[in-house]
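K.L.:
The lines below spell out each chain.
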Amino acid sequence: MQKEAAIREPLILGNKTYHDVTEDVCRPIEGKAPKMWYILFSIALIIGLYGVGSILYLLGTGIGVWGLNKTIGWAWDITNFVWWVGIGHAGTLISAVLLLFRQKWRMAINRSAEAMTIFAVFMAGTFPLIHMGRLWVGYWVLPIPNHFGSLWVNFNSPLLWDVFAISTYLSVSLVFWYIGLIPDFATIRDRAKKPVAKRMYSILSFGWSGRAKHWNRFELVSLVLAGLATPLVFSVHSIVSFDFATSVIPGWHTTIFPPYFVAGAVFSGFAMVQTLLLVMRKAMNLEAYIHTKHVEYMNIVIMVTGSIVGTAYITELFISWYSGVEYEAYAFLNRATGPYWWAYWSMMTCNVISPQLMWIRKLRRSLLFTFFISIVVNIGMWFERYVIIVTSIHRDYIPAAWSMHYPSHIDIAVYVGTIGLFFVFFLLFARYFPVLALNEVKTILKGSGQSYKESPDYHKHH
Amino acid sequence: MEVTKKYWKGIEELNQTPEFTKHRDNEFPYQNAVDQFLVDEQLAESSTGRRDFLKFLGFSVAAATLAACEAPVTKAVPYVNKPEDVTPGVATWYASTYYDGMSYASILVKTREARPIFIKGNKDFGFTKGGTNPQIIASVLGLYDSERLNGVRSKGVDTNISVDKADKAIITALKGAKEIVLLTPTVISPSLNAAISTMAAAYSVNGTSKVKVVQYDAISYGAIRKANELNFGASVIPSYDFSKAKTIVGVGADFLSTWLLGNEYAVQYGVNRQPGKGMSKHYQFESIMSITGSNADGRAQIKPSESANVLAYILKSIGGSTLVSSALSGEAKKVADAAIAALKSSKKESLVVCGSNNEAEQLLTNAINNQLNAYGTTIDLSNDVKLFQSNDTAANQLFDSIRSGKGPDVLINLGANPVYASANGDKLRKGLEGLKMYVSTARYADESSSVATFIVPDHHQLESWNDYMPKATHYAVAQPTIRPLGDTYASLESILVWAGAAVRNGKDSTVAYDAIKTTAATQGYADFSMLTHNSCGAVNSPVSSFVYKAVSSSATTKGGEWEVVFYQKTAIRDGGLASNPWLQELPDPISKVTWDNYITMNPVQMEKMGYATTFDQEHGLNLATVTVNGQKVTLPVYPQPGQAFNTFGIALGYGRGANGELIGRAAFQTKEYGGYELAENGNRKAIGVNVFPCLGDSKGLPSYSASATITKIEGEYLIAATQIHHTVMGRDSIVRETTLSTFMKGDREAFNPIHKLQRLNEHGHHEEAPLEEFDLWNAHPIEKVGHRWGMTIDLSSCIGCGSCLIACQSENNVPVVGKDEVRRGREMHWLRIDRYYASAEESSVGKKANEDDFNYSEAEKAAVNPAVVHMPLMCHHCNHAPCETVCPVAATTHSNEGLNQMAYNRCIGTRYCANNCPYKVRRFNWFNYPSYKKFTEVNPAQDDLGRMVLNPDVTVRTRGVMEKCSFCVQRIQSTKLTAKKEARPVKDGELATACSEACPTNAIIVGDWNDDSSAVKASSSDNRAYQALEEVGVKPNVWYKVKVRN
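Residue numbers (my numbering), protein chains in the order written: chain A, 1 to 462; chain B, 1 to 1046.
Think of the hints as simulated: they come from the structure by calculation, not from any bench.
These stretches of chain B come out as covered by chain A in the derived footprint (C-beta under 8 Å, 3 or more residues):
id : segment
1  : 615-623
2  : 823-836
3  : 912-921
4  : 926-937
A virtual CB, placed ideally from N, CA and C, is assigned to each residue, including glycine.
Extracted from the complex, chain A is given alone in its bound form (with noise of 0.2 Å):
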């Protein structure tokens, strides 16, 4: 077994035993839902459902039920793609790249994370979808054999790209995921008295045992998609750039995009993982193994990861000053002066100075505090692509077809309507999934679990 220093905060908090960890993972999915977990999720659905109802709309009338125009052609839709595919980001972050720097503290809220990545990927594939004008053809984007004669993918397009990386990302993710799941299904399994709960989790754990040799395997299996999604992490988000980075707009070609966009969606993601889960721990009563230092660890990726977004902001706007290019300095001028002011300075205060915040301790410390910025950042960031996307083709080269976007209702729905469905999912994960990767978080339990660290059994060893 492992053992760390003393004075490192125990992660897991106070008098668990092997046996409470599984008690308090399988409790909320053996016992009954809460009241609260019925109203959460009738309000989601309906959310949800109203979102499918003018998708449903959209793809019978056409695009212009949103309030797009000739000079703007992406706004909301795209905004939220890029929002929904940062947030997604965490996720593997945590479980892949946390994994092999072999940060234990991950343990705690790798399953969620992850969970939470699916679903923001799912709504985020959404977009791109429902954006095109012509859905039903749109599988003509997948390099597949033909009848249409030499018809071919146009591989230079970076929407082509995106596709390829969405759905790399989306599969990686999902694989993963289900790994980690495996030896978690077994223990609800094993613990399952009603026939359909052990029938359906004895098909979800894939026929785990829990041998020395399935364990050997789970490990290696980890390790490797760890290694094979650590790449990804940082390019899906590189891509998702580039579809402005290749442009020839002024405010989209622009060659820092990759590492700012990356550091960006981990930014995002990061605060989307503690906003869902500070309501988690409580309501799940998973206090004892997500707590202050969890949350803590998290604000200082946050804090760094947004020192890197306010220095690409800085760097940007010098950059297009100093680069003397009219149409450049002239789009970065028009995004803190012209008529989206407001969106930008939103951008700005949001996610330039309310992480700054948190150097200092007892800000970072801070529950409440915590929360509060995590909605500030999400908030933050979705203006942040709203900026890029709109701010810059709203006024591009040709002051005569200059434009101004206004969402319609349908765009304003359809936006609503997919956090709706997330929450959806994210319910129902929280409902019937083990929130917790509790096989992992046993394999800490010894090492920094609170009562063995002050247990005096535990110094005797060193």
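Given chain A, put chain B in place with the hints provided.
P.N.:
Chain B only, in chain A's frame:
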């Protein structure tokens, strides 16, 4: 060892019992396995077995699926006997003539499978020399308006009655009448005039005819005729020749667009506007910003009441005398002094025109032109214009008598619409309704004709024979290009029938044809077929000498603190074609507003008075009420740079059909989700407000300016404009403008600098190099291989008239999207004309006054009296097209002839190409325009009849796909095909796109850039040629040429 062991399964096998052997040989011991499936006895009895049933089911599903996939049967019946002139797929062109009371032009009509679908100017014959205007080009759509009358309509009877019955009733009434009045718009048809004489002779008592003819036009040019009568003794409108003028001065005359024969003048004007030695100078004094004013070298903002002072000032300065005050404000004086200097040097090669309908001001104009000796050079009194002969005094007397119930016994109206275009329209309509016999030949049951006893509708121009004498020495015929679509009757025929001089013969009637043939013969055209081939020719007219007689006059327009100008918009003019959705959606060349009229005011003044001076799709403009001549109109106030202070302008021609008259499907406001907007009276709501009733009177003539007051009222009004940002923000690579003197020095760097970038040379030092050397990409392999289509657009020649836009819309089946969609920034025009004003921060459009201290927020505002540049913009067919690289499915690609092609069928609609287009010329199908309910009323493609106007060579696009200018690829292909069939290369000038063909000033040149001797190559190699946004590196195939002001 012998095997002795024996194995058996049971004792039966060992003994080989008969039961065992029986079962062993039978592989399936249970014969009735099927019964287990068909437990139901009835099923077992069914004649269809399970397998058969599944076969049937499978077949039916497959068959039903296949049947559902099949397209509905559409009938395409081949010709049994092919008509001689009709080859399916090949267009037939007819030479004809257009006249609608407002515009006149010699035209060519393109028909496909016997349907007229396109109109262009005839460059070979006629004095209009190919010059058209948006109205003429768009008029083809009016042919297919399903609200145009079909059959005779009689008052009080819902169903149509037969024409014979109507004729009988009319003739009876004519015979019994004491007084017959024939109310006509200006008749320029000699045959119709002859027919009217026949009628007058037929109904006469003791040698005096009972028939009185009153000519009446909505727009009056009476003052010019009156002034010429006083000065020269002849009530004429002379022929003007702008091509002979070295100096042109316009005082409130929008002669490039809506004043008199604007399409003829635009062609003439273009001749001398080529930058170079002989370039003419043009000064304009006006209150509103007109197309003409936007093209002037010097422009002064004056109040309408100051026109006389400007004219008097000029007259006195060049040696004339007048009693009229010549006091001028500083700014106007500066421009006037420049104009006078130019006039003095060009002397008789000068032309001064005045748009006012005030006799005194026209007298002053005549005096100036006489002082300059312009008569005989730029002005030709003997070849007078026959259009606009409105006798306003007689017409007003007639209307007054009708209003007071003392109208004539029989009134025959040949299409005039006084109820709409005069004051007290409601009373006039009541009076008309009370007439014993009121016959109209209008094409629509419009404001004046809907109350007629009978409407015997005239043909559309494209359906009928007509002849015209637009000028004293010019005779033209219009030939039908299609058999009448409905039961309509040529007015010429109707008049002859009612005179008892002809008999109707349905659609095969040759009455009009015979009459015109006879007239043509008397005009010296015995060879009628040659005349129709050319469409027109010269006729002899007695040349009389005119001697100028000075007339002194001091009576001029009285001014007020605020003055209003009633002007015509390029698209709508007098409202006659208000139901044409192409025209309603044509952005006004200056304001870029569609589907509305409004009050124009200078934004600087508006800001002081608390009006909103900016607007966009969700923020409208303030409403205000203007009180003028006792009338009140409420309209939004539009910020119009260049508008004279203390004046505002309101366009005529709007508010048609306010009482729900059937004037056309597209003439009314529509709702956000389709259907008509309804007015308080339950009728369809008219577009804009009719301001004809506000016109004042000036010595018996309608006056187009008056003093007025304005009050801001509560409320905001959403405006549908295609351009909401009006300056070019000091960017010098979009439009370029220079002065003639700079240009004449020949130093290209001074007026058209080549874009250079810095790079490091081999010694590590910075050096400048032209843009081409920075290319990351390989050149597109089109140089010197086959064709490479290119285009040049001369900003110096372009006057911004909008003809190219309408021609493009007509040629390429561009959908109409209606006001609500235009407001949202979704107009579909493939070709747009950007209009830029100079800001106070710019020395000329696109040139920063102070490079180091450029205030961007100030640069967003146009100057008080800004210079204007019009810039037609369509797809630039870039050789390094940014749209092509980003399409994930390669729906937009480059042809080996340099065209950027759009494969609609391949497009999945990501709109990435549109975002990445630096010129923003791509248009997305946001809805299914040919079927979505929102566009039923406005888009002609949604009407069975309207659909006939579609060009069969161009696909109608479905929703969700991107579209854009194709350089009229269908024309390129057919040009190439023709050349191929004739086994020769494509000749230069053989290819014309719809836009290049429609341009009255030849600003647009297309051709093969790989052909070194081509016009486009020469034009693009010119000193003035540049590529817009060259530094982006997209390598467009379109060149612009620097605008030069003299």
